[in-house]
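All chains should be built: construct the whole structure from the sequences, respecting the hints.
Spelled out, the chains give:
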Amino acid sequence: MTRTVLEARNLKKRFGAVVAADDISITMAAGEVIGLIGANGAGKTTFVNMVTGHLKPDAGQVVFEGSDVTALAPRAMTRRGITRSFQVAQLFPQLSSRDNALIALASAETEQPALLGDLRIPDRIARADALLARFGLADVADRLTVELPQGKRKLLDIALAMVGEGRVLLLDEPTSGISADEKFPLMDLVMEAIGGADATILFVEHDMEIVERYASRVIAFYEGRIIADGAPAAVLADAAVRRHVVGAEIHRRHEGPRR
Amino acid sequence: MQQLVAILIDGTIYFSWLFIVSLGLTLIYGVMKILNIAHGSFYALGAYAAASAVGAWFAAGLPAAGSYLLLAVCGLAIGAAIGFAVERGLLRRMYGRDEVVMILVTYAVFLILEDVIKLVWGVNPYLAYQPYTALGRIAIGGIGFAVYDLILLALALAMGFAAWFTLNRTRYGRLLLVVIHDREISSAMGINVARMFTVTFTIGAMLGALGGAVAAPGISVVPGIGVDIIVLAFAVSVIGGLGSVAGAAIGALIVGLTRAAAIHLVPEVELFVIYAVMAIVLAFRPEGLFGRPAARKI
Amino acid sequence: MAKLGTHALLLAAAVVLVPLGLVLPTWLVFLVTIGLAKGLVVIGLVVMMRAGLVSFGQGLYYGLGAYSAGLAANFLGLNDAVLLLVIGAAVGIVVALGLGVLLVRYRQIFFAMLSLAVSMILYGALVRSTALGSTDGFNLPPPTFLGLAPDVETGRRILFVLALLLALGTASLLHRFTRSPTGVLGEAIVMNEIRVEYLGASVSRVLLITYVIGAITAALGGVLVALATSHIDPDLAFWTTSGEFVFVAILSGTGHVAASLVGMVLFETVRSFAFQYSPYTWQMVVGTAMLLVIVFLPYGLWSLVSRGEGRSARP
Chain E
1 MTRTVLEARN LKKRFGAVVA ADDISITMAA GEVIGLIGAN GAGKTTFVNM VTGHLKPDAG
61 QVVFEGSDVT ALAPRAMTRR GITRSFQVAQ LFPQLSSRDN ALIALASAET EQPALLGDLR
121 IPDRIARADA LLARFGLADV ADRLTVELPQ GKRKLLDIAL AMVGEGRVLL LDEPTSGISA
181 DEKFPLMDLV MEAIGGADAT ILFVEHDMEI VERYASRVIA FYEGRIIADG APAAVLADAA
241 VRRHVVGAEI HRRHEGPRR
Chain L
1 MQQLVAILID GTIYFSWLFI VSLGLTLIYG VMKILNIAHG SFYALGAYAA ASAVGAWFAA
61 GLPAAGSYLL LAVCGLAIGA AIGFAVERGL LRRMYGRDEV VMILVTYAVF LILEDVIKLV
121 WGVNPYLAYQ PYTALGRIAI GGIGFAVYDL ILLALALAMG FAAWFTLNRT RYGRLLLVVI
181 HDREISSAMG INVARMFTVT FTIGAMLGAL GGAVAAPGIS VVPGIGVDII VLAFAVSVIG
241 GLGSVAGAAI GALIVGLTRA AAIHLVPEVE LFVIYAVMAI VLAFRPEGLF GRPAARKI
Chain A
1 MAKLGTHALL LAAAVVLVPL GLVLPTWLVF LVTIGLAKGL VVIGLVVMMR AGLVSFGQGL
61 YYGLGAYSAG LAANFLGLND AVLLLVIGAA VGIVVALGLG VLLVRYRQIF FAMLSLAVSM
121 ILYGALVRST ALGSTDGFNL PPPTFLGLAP DVETGRRILF VLALLLALGT ASLLHRFTRS
181 PTGVLGEAIV MNEIRVEYLG ASVSRVLLIT YVIGAITAAL GGVLVALATS HIDPDLAFWT
241 TSGEFVFVAI LSGTGHVAAS LVGMVLFETV RSFAFQYSPY TWQMVVGTAM LLVIVFLPYG
301 LWSLVSRGEG RSARP
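Chains as they are written, first to last, in my numbering: chain E, 1 to 259; chain L, 1 to 298; chain A, 1 to 315.
The hints are simulated quantities; they were obtained by calculation from the structure and are not laboratory data. Because the structure is a prediction, the values reported are computed rather than measured. Beta carbons are placed, not taken as given, at the ideal position from N, Cα and C, and that holds for glycine. Heads up, some of the hints might be wrong.
To be verified - Sample of chain E residues lacking proximity to chain A, with all beta carbon distances greater than 12 Å (derived):
#1 K12
#2 E109
#3 A138
#4 E182
#5 P185
#6 A199
#7 H206
#8 E209
#9 I227
#10 A240
#11 R242
Said to hold, decoys possible - Cβ-Cβ distance ranges computed for the label pairs, FRET-style:
#12 A/V152 / L/A60: 56 to 66 Å
#13 E/A71 / A/L20: 54 to 64 Å
#14 A/A274 / L/A81: 39 to 49 Å
#15 A/D136 / L/H264: 19 to 29 Å
#16 L/A60 / A/S129: 45 to 55 Å
#17 E/F15 / A/A131: 53 to 63 Å
#18 L/V178 / E/D58: 28 to 38 Å
#19 L/N192 / A/R107: 24 to 34 Å
#20 L/Q3 / A/L28: 49 to 59 Å
#21 A/T154 / E/P122: 32 to 42 Å
#22 E/G230 / A/R105: 42 to 52 Å
#23 E/G117 / A/A131: 43 to 53 Å
The following block contains the structure:
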């Protein structure tokens, strides 16, 4: 039997007239790699925001390792081991990649970082550089992150999320804004980097090729509800999913890039 | 009972000139996101210009009736001149800088103008009480009013209506609302934002100076009145919500009544109580009573 | 510059300046003491500004420090400079912990406005309290120094040394703070608060610590000014006093905490001469200088010393 790590129970969330989550229940087991798909506005990012504490659900619970964490702030969620990356990379733009990593490491070490000790001590710098190297970012360690190309920014964003050695990692569109020939190397890198950590992963994705290749389980959202949940092949072949999600993605692709 | 009436009357009089001044401050913030500390100097400039002009008018023995027009013209003219000059000469070069930096820029302008005023008018008080006393007092329902104060109240209400009408019923006003809502989109839509800024800042400055000009007959025009008014107008706009006309009205009413009540009941707490109200409002509604919060998306 | 070691530099400054305090004319010693006292306020403000807390209300703690010292000296008979500094700092800490919890929920212009409002509450209260001399304030007796009761001139020189050591010591400590995890997190909050939260760090803890630091330095500055001038009045808490601190912080730049000490001493010197020779134009000079710095040196005068090193975001 696999162990349940994170459980969303009957989550509901409305924004005015829009129902972003209508009774969403998902149980994530240790070691699963879940692909979350759905058209724009289906409620994917809202789900990630609720599970990580950025948004509070109107109703329902988030249960992590057996305890109710619904009311916790993102900071407390992160400290417990639920971490995330962002659709648009969230970095410290006027600092170097290394400084970004150093801040992440120092924050993970203790809840009360030092007031007088130096941030940039040799031991921490070594760990920061090792982290950057793991994600193929060693060459841009000294560059300000505002100057980095999109792909590197996304990688660094994911690297920062990995620092806390979270038990659950939620990746919000890891390959959005990444060119077609860069997306598989990026995902390979991410999976390899995470692989040893024995974490549960949920990634939001529009690209069905990515979903098919990396997910062990796929969940499809449509207008705030789950319309399919199961093995990738079965979900992607499902008629409703084909109509509401996959079809929409093909349509979207013909219209060109979203951003 | 009598004290309550006195508080209401004094509060309403404070409201009148606070509202005229704060309207300019809140208009400039709403459109340009500049918290204009120099607004206090615009007020002082209007007051000095009006006081010296009115003084000369009566010294020349001219009829009192003309002095009212003179007050208004003086305030509007000096406001227009200084507002246009500051926007075109200085602020234009700074757009896009942080809001906090813009506060400092207008603070610097304030410091400069304070000394300009001292250099031009000296440090002795100017009195221009004639327009105030010439109108005398009338009794309504047994309570005495200075007629001048009643006219001031009418002027404030007219200004408020004009602002509301311009924003909601004219083409220019609607374009302005678009600019307030989203500066970038309005640029993309072909609205000349730069010109809009010049016009807004000039009108805002004119309101500030007009406030000073019409206040002049009722006060002693001395150095430091600019500091005093900005401290109050600031509280008015923040309480009501920076950028909101209705907010400026409510804020002016709250500050006006609070100040009147404090002066009549416990004069020790005058300024204290106004800022306490402001702090309380901010603690519960950081955007002020009529402000809109801004959310961030991730 | 940074390689040479800020701490070594500050130590060298102390070694050179302390003897000077014993030989320079009293008026100059007095002037520099005031500059150092206010500089102390600005150092703390610079640390706050690096974390995005641009306070237009440091006059609150400056005034609180001065009035605590004045009240303790006049009503409790506590007259020792060191003790009064401790009292001032303690009052600053207590008030800052209470207010800080509320204030650090606000950012940017809202923080600026609210901090100004709170300082104006103190000003409004002081102006109207006849027991404390209303707008005139009141005088302080000359302080003793750890039991020593020197003559007035020697007292001024001792106070200068005290102010100098306190300012340099604080600069050294706060320089370390700006390079510490908590200090850098402050800068990180300005750049991306959401990311800081999602790293598991507490934004409110960092901001509260930073706020309290600003309060302590401002209160210490207030005590020193009260001791140096032997007089306090409500203007210490007025918003233009706070505005002056922000101005000097911008003028000096937030790139280095020690820069504001130099900036403040320079500013105080220029002002005292300008005020003496041309009382009606010194504000004009100050305002013009401020505009020139904002337009041409967005990172402050410090950026002339170290091009490109100032990493902190544009104020």
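- Message: When the structure is checked against the list of hints, which entries are broken? Sort them ascending.
- Response: Hints 2, 14 and 21 contradicted; others consistent.
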